[in-house]
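> Residue numbers (my numbering), protein chains in the order written: chain L, 1 to 306; chain F, 1 to 250.
Rather than coming from a laboratory, the hints here were simulated on the basis of the structure.
Quick caveat: nothing in here was measured; it's all calculated off a predicted structure.
Among the hints, a few may not be true.
[To be verified] Here are the computed lysine-lysine pairs in the DSSO-like style, where the Cα-Cα straight-line distance is at most 30 angstroms: (1) L:81 with L:168; (2) F:200 with F:77; (3) F:146 with F:200; (4) L:286 with F:78; (5) L:286 with F:77; (6) F:50 with L:286; (7) F:50 with F:146.
[Claimed, not checked] Examples of chain F residues lying across from chain L (beta carbon under 8 angstroms, computed): (8) 38; (9) 78; (10) 85; (11) 86; (12) 87; (13) 158; (14) 213; (15) 214; (16) 218; (17) 225.
[What the hints assert, rightly or not] Take a look, some chain L residues computed to stay more than 12 angstroms from chain F by CB distance: (18) 55; (19) 81; (20) 99; (21) 107; (22) 160; (23) 161; (24) 164; (25) 175; (26) 225; (27) 232; (28) 246; (29) 276; (30) 285; (31) 286.
Glycine included, each C-beta is placed from N, C-alpha and C at the ideal position.
Letter by letter, the chains look like this.
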Amino acid sequence: MSLYFPIAEMSLNVLLLLFMGGGVGFLSGMFGIGGGFLMTPLLIFTGVPPAVAVATEANQITASSVSGALAHFRRSGIDIKMGLVLMAGGLGGSYAGAEIFSYLNSIGQVDLMISLAYVFFLGTIGSLMLWENVSPWLARKSGRRVRRRRKRHPAWIHAWPHKMKFKKSHLVVSIYLPILIGFVVGVLAAIMGVGGGFVMIPALIYILGMPGNVVVGTSLFQIVFVTAMVTFFHSVNTQTVDVVMALVLLSGGVIGAQLGARVGYKLKAEQFRAGLAVLVLVVCFKMGWDLFTTPAELYSVIEVVR
Amino acid sequence: MKRLVFLIALLMALAPAVRAQDIVTDISQYDIELRHSFTGQELLLFGAIKGGETVAGERYDIVIVITGEERPHMVRKKERVIGFWVNTGGKLLEGVPEYYALASTRPLLAIAPEKELARLKIGLAQQDFARQPGLEDYAAGLIRVKEGAGLYQVATEAMEIQSETLFRADFFFPANVPSGAYTASAYLFREGRLIGRSDKEIRIGKAGFERVIYSLAQNQPHLYGLMAIIIALLAGWLAGFITRPKSKLG
């Protein structure tokens with residue numbers, strides 16, 4: 001069953017898209033991840049132009065994060081003030097990211113940049129996740145005791161000026177820190193089509209030292225707004241947001257996430273984290289492989305709109 | 001007497017030297033709509049040689065060409081840079097048809113001399129983009145990419161003239177065919193000379209919902225962006241509302 005997508009200007013099998021949305025949704029429900037960093041590469045592997053994949057996925061993440069953000073809001077799991085400061089940085093970051101994106105698009109290097117960014121981030125995160133899983137197991141084998149070092153709230157951040165008080169997080173930090181974090185995540189969201197939770201959450205915990213009960217909610221709150229802004233900027237700059245495709249992916253994702261959450265609850269998702277790490281590394285490897293191997297066709301063609 | 005008149009009329013109609021020969025054509029569809037269910041469209045072009053039977057011993061040929069709108073295209077070539085395959089500087093090719101399909105009775109150069117083909121712009125080699133000096137590799141690359149996408153289809157020796165008057169050719173517009181105004185031209189050659197020609201217009205356009213979405217994205221990008229955000233927020237909220245378990249939140 002094929003459907004014609006007006007912005008991507010191609011026909012794609014709807015069942016395949018629903019299945020992809022469902023599969024990534026399942027993993028995100030099971031592990032509590034956003035899934036953008038898996039969905040965008042999958043779309044690219046399917047033949048969707050990378051620029052369309054990134055912009056469309058940003059739109060889908062807005063949709064798939066909003067109910068989670070609302071749920072956290074209802075049980076007051078969001079530091080609104082922190083979220084707003086992060087958003088201010090995110091606004092600048094997503095604008096800058098979208099500008100970089102459309103500049104690289106105009107000189108034909110946007111696909112390369114997307115691939116390189118994915119290889120770098122997926123490689124780093126996949127390796128860290130795998131190491132986190134394997135190292136205690138290795139340590140146990142060799143009979144050493146596992147000591148977890150958790151660095152929190154490094155001292156140097158107190159040297160930054162213009163401190164602001166965040167009551168909900170019990171924090172007094174320089175306003176530039178959350179702005180900077182929001183900015184970086186905004187850039188990543190715009191050029192990679194991700195929510196950026198995989199950078200945001202560790203940054204909030206290890207750099208700012210936010211308490212765990214508001215981290216996920218605040219991150220989701222920021223993701224909804226940043227991906228919405230990314231959607232807007234890409235719509236205006238490159239007209240690459242395919243709303244129809246985003247809705248199809250969302251439909252699959254919603255069902256998948258429900259199933260994933262149930263399975264994860266029963267099966268203790270922690271045991272499968274190594275599997276997720278391997279999956280991330282496989283996607284990273286495939287992206288990198290496509291950059292290194294001689295392509296079947298050296299030429300690429302883009303129609304010039306005047 | 002009546003019979004005699006009829007016979008004379010018939011003889012006159014058939015006499016090759018008396019009336020100039022030409023061709024008439026028709027196509028199965030003049031308007032093609034790109035809707036959500038569009039997975040490609042077949043198109044039949046058929047016609048006849050009118051103005052008398054073909055002369056025995058003389059060679060008749062037909063070439064049918066369907067072309068899309070001509071646009072400049074940026075062609076980029078990948079080269080190895082520290083191990084990576086990277087796009088290097090692109091070349092702009094002018095006068096590239098978005099779509100080009102050709103069917104003929106024989107190989108083009110057997111039908112007419114190259115000069116005549118060039119004058120009529122028949123064949124991919126005669127298109128403006130393929131004749132830009134120094135860009136031959138890029139033009140060849142573009143043709144390969146377009147052929148791979150099903151947008152360029154050249155089938156010489158793909159058709160026959162039946163009963164010395166009738167001909168037909170099947171074409172296919174793939175799912176990724178761009179919208180625009182298309183021209184279907186049929187050329188009749190006798191002994192290497194063009195003696196008849198027929199042109200038809202085909203319109204391929206996005207229709208219905210797809211058309212609304214596409215034109216909004218192109219013409220009102222700010223509005224489209226806002227709409228995309230609002231749709232996402234509503235859809236996400238609705239999805240969360242439907243699937244949220246009654247007992248606990250999130």
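> The structure should be examined with respect to each hint, and the outcome stated for every one.
Consistency of the hints with the structure:
1. L:81 with L:168: With Cα atoms ~8 angstroms apart, residue 81 (chain L) and residue 168 (chain L) stay inside 30 angstroms; holds.
2. F:200 with F:77: Outside the cut-off at roughly 36 angstroms; violated.
3. F:146 with F:200: 23 angstroms, holds
4. L:286 with F:78: 19 angstroms, holds
5. L:286 with F:77: 22 angstroms, holds
6. F:50 with L:286: 60 angstroms, violated
7. F:50 with F:146: 35 angstroms, violated
8. 38: With a minimum Cβ separation of about 4 angstroms from chain L (threshold 8 angstroms), the hint on residue 38 (chain F) holds.
9. 78: The hint holds - residue 78 (chain F) has a Cβ within 8 angstroms of chain L, the shortest such distance being about 5 angstroms.
10. 85: 6 angstroms, holds
11. 86: 6 angstroms, holds
12. 87: 5 angstroms, holds
13. 158: This interface hint is violated because 25 angstroms lies over the 8 angstroms limit.
14. 213: Cβ of residue 213 (chain F) sits 5 angstroms from chain L, so the hint holds.
15. 214: 4 angstroms, holds
16. 218: 6 angstroms, holds
17. 225: With a minimum Cβ separation of about 3 angstroms from chain L (threshold 8 angstroms), the hint on residue 225 (chain F) holds.
18. 55: 9 angstroms, violated
19. 81: It holds; residue 81 (chain L) is separated from chain F by about 22 angstroms at its closest Cβ, greater than 12 angstroms.
20. 99: 15 angstroms, holds
21. 107: 8 angstroms, violated
22. 160: Holds, since 33 angstroms exceeds 12 angstroms.
23. 161: The claim holds: residue 161 (chain L) sits with its nearest Cβ about 35 angstroms from chain F, beyond 12 angstroms.
24. 164: Residue 164 (chain L) clear of chain F: closest Cβ-Cβ about 28 angstroms, beyond 12 angstroms.
25. 175: 27 angstroms, holds
26. 225: 10 angstroms, violated
27. 232: Residue 232 (chain L) not clear of chain F: closest Cβ-Cβ about 4 angstroms, inside 12 angstroms.
28. 246: 7 angstroms, violated
29. 276: Per Cβ check, residue 276 (chain L) is outside 12 angstroms of chain F; nearest 21 angstroms; holds.
30. 285: 15 angstroms, holds
31. 286: 15 angstroms, holds
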